[in-house]
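The listed protein sequences correspond, in order, to chains E and D.
Numbering follows our numbering, in which position 47 of the first sequence is assigned residue number 47; successive positions increment by one, without gaps.
One gets our numbering by counting positions in the second sequence from 1 and adding 92 to each.
Quick caveat, the hints were computed from the structure, so don't treat them as lab data.
Be aware that a few hints might be false.
As a list, the in silico EDC-like pairs of lysine to aspartate or glutamate whose alpha-carbon atoms are at most 20 Å apart [what the hints assert, rightly or not]: (1) E:K91 - D:E138; (2) E:K72 - D:D137; (3) E:K72 - E:E59; (4) E:K51 - D:D234.
Partial list, derived from the structure: chain D residues whose beta carbon lies under 10 Å from chain E [as the list claims (entries may be wrong)]: (5) A129; (6) F154; (7) L158; (8) M181; (9) Y184; (10) Q229; (11) L233.
According to the in silico footprint, chain E covers these stretches of chain D (three or more CB under 8 Å from chain E) [stated by the list, open to error]: (12) 132-139; (13) 143-153; (14) 187-193.
Using N, Cα and C, we set each Cβ at its ideal position, and we do this for glycine too.
Spelled out from the first residue to the last, the chains are:
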Amino acid sequence: MSVSAPKEKTQTVVKAARQWQVIVLDDPVNLMQYVIVVFQNVFGMSKALAKKHMMEVHEKGRSVVWTGEREKAEMYVHQLQANQLTAVLEKD
Amino acid sequence: MKIIPTVDKGLRVIPEAPAEWMLLRKIIQDANPTHLADRLSQPMDEESCWEDIVQPELEETFNTQLIRVADATKVESLDGFLIKNEHLMEWYGALNQARLMLENTHSLSTLDLNELDTFPPPLRQALVRASSYTRIQSLILDYLDTSVDETNSPS
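Let's have the full structure, built from the sequences with the hints guiding it.
Below is the structure:
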């Protein structure tokens, strides 16, 4: 009986690039209407979606407004901060 | 103070007393662009190089907003001054900076307004200014909203 050599198994594991979350934190100063306008301008959100995120910030103290690669996430944080919103980056 | 929409979608601001001009100039004194840029940048990690690259840009943006206010309120004209449509958000930002700093200094949002009479004068004055700034911001936002609605409405 011949014994064949065990077949080599190769497996490619595709690892997803680490995702980053852009999070907006609540503050007692920024007006609700303004936060909606900023979300619409920065992310191109519909008014309804922008309002949903604004309410989440208001009620829960934070809202994840975008998830993706770090470079783009940093760009969004910069834009939010330029509009005087408190925004941070967190690993997903 | 009168704030009147103009045909080219700007706003004409007409202060009607010296105190109202003073209030508008106080925006610049109440704001602190360096502090705000620093505070917003605090949570960013070292990897992002925020302190070296973004923070100075933020500070410059905030300074530009205050220069806009300073230029407009320099001369006390009977006709007031015009805020062009493209400068409305800069005005909003300047007012916001002032309110953020007043909140940072006095924690205005935590005060019990039923005890207003017991507050020291500087605190009461800060409350009045913050409230006036909010009122102007709301007018700007309402106006921007209306302008957008008019632009989007079917002809």
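Interface hint status, L158 of chain D versus chain E (Cβ within 10 Å) = It is violated, given that the least Cβ distance between L158 of chain D and chain E is near 13 Å, above 10 Å.
Against chain E, does the region 187-193 of chain D show at least 3 residues with beta-carbon separation below 8 Å?
-> holds (count 4)
Given pair status - D234 of chain D, K51 of chain E, alpha carbons within 20 Å | 16 Å, holds
With chain E as the partner, please determine if A129 of chain D meets the hint condition of a C-beta pair closer than 10 Å.
-> 8 Å, holds
Is the hint on L233 of chain D kept, meaning its closest Cβ partner in chain E is under 10 Å away?
-> 5 Å, holds
Holds or violated: K72 of chain E to D137 of chain D, with C-alpha atoms at most 20 Å apart = Between K72 of chain E and D137 of chain D the Cα gap is close to 16 Å, so the pair holds against 20 Å.
Are the Cα atoms of K72 of chain E and E59 of chain E separated by 20 Å or less?
-> 27 Å, violated
Given F154 of chain D was flagged as interface, is its beta-carbon under 10 Å from a beta-carbon of chain E?
-> This interface hint holds because 8 Å falls under the 10 Å limit.
Check whether three or more residues of the region 132-139 of chain D sit with their beta carbon closer than 8 Å to a beta carbon of chain E.
-> holds (count 5)
Can the region 143-153 of chain D be counted as covered by chain E under the rule of three residues or more with Cβ-Cβ separation shorter than 8 Å?
-> Holds, because 4 residues of the region 143-153 of chain D bring their Cβ atoms closer than 8 Å to Cβ atoms of chain E.
Tell me if Q229 of chain D is really an interface residue toward chain E, meaning its C-beta lies closer than 10 Å to one of theirs.
-> Holds, about 6 Å.
Within a Cα-Cα threshold of 20 Å, do K91 of chain E and E138 of chain D meet the stated pairing?
-> Distance ~15 Å between K91 of chain E and E138 of chain D Cα, so the pair holds.
In terms of the numbered hints stated before, the structure departs from hints 3, 7, listed from lowest to highest.
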